[in-house]
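Novice: Each chain is listed here by its residues.
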Amino acid sequence: MLELMVCLLCASILVSGFLAVRLDSLVPAMVSGSLAGLFAAVCYVVLGAPDVAMTEASIGSGLSTLILLYAIRRTAGAEE
Amino acid sequence: MAEGILIVAAILISLGVLFGVLRLLLGRTVVDRVAAVDMLTVVSISLIALYAHVADRFIYLDVALVYGVLSFLAVLAVARYLERGV
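Protein chains in written order, with this note's numbering: chain A, 218 to 297; chain B, 11 to 96.
No lab work stands behind these hints, which were simulated from the structure alone.
All figures in this text were calculated on a predicted structure; none of them were measured in a lab.
Any given hint could be a false lead.
Said to hold, decoys possible - Partial chain A-side listing against chain B, Cβ under 7 Å, derived:
(1) Val223
(2) Ser229
(3) Val262
(4) Leu283
(5) Thr292
We put the CB at the ideal spot given by N, CA and C, even for glycine.
The task is simple: from the sequences and hints, build the whole structure.
Specialist: This is the structure in structure tokens:
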């Protein structure tokens, strides 16, 4: 059961990473990248590292999303 | 009895992850994808809580707490960006 869940989470990380690379609009690509971080945090919890998971959740989800949104807003004219 | 309830919860959480990722993959607009990410966040929090109960280590609930606060912040920031329409 646990191995199945880890496999599902890793497949979700793969799908969101693929979308983050392939999507041509900036905000959905950024959201997909942050989703990869969130699933990685769940994976760390299931694999037994809660401190790593807490750092990943705070930096990968909170901080990097805000910084990337700020960067997209500042460079809005450069979007293709 | 309790084992059965936990297994049913695990199956429902797995279906939630599956359909959320499917919505993210097939989503037509930005709002669809943001809503899918928000739903997947809630499902992931419930998954961490379920695993904290199964593994009998309640330190994992702190991770779920931090996760909930920060993902709420991230979704709020994206929604504010979309509402402003820059």
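Novice: Have a go at the serine 229(A) hint: is there a Cβ in chain B nearer than 7 Å to its own Cβ?
Specialist: holds, 5 Å
Novice: How about threonine 292(A): closest beta carbon in chain B under 7 Å, or not?
Specialist: violated, 11 Å
Novice: Valine 223(A) was flagged as interface toward chain B. Is the shortest Cβ-Cβ separation under 7 Å?
Specialist: violated, 11 Å
Novice: Given valine 262(A) as an interface hint, is its Cβ closer than 7 Å to any Cβ of chain B?
Specialist: At about 5 Å, which falls below the 7 Å cut-off, the nearest Cβ of chain B leaves the hint on valine 262(A) intact, so it holds.
Novice: Grab the minimum C-beta distance from leucine 283(A) to chain B and call the hint holds if it beats 7 Å, violated otherwise.
Specialist: This hint holds: leucine 283(A) lies near chain B, its Cβ roughly 6 Å from the closest one there, short of 7 Å.
Of the numbered hints listed earlier, those contradicted by the structure are 1 and 5.
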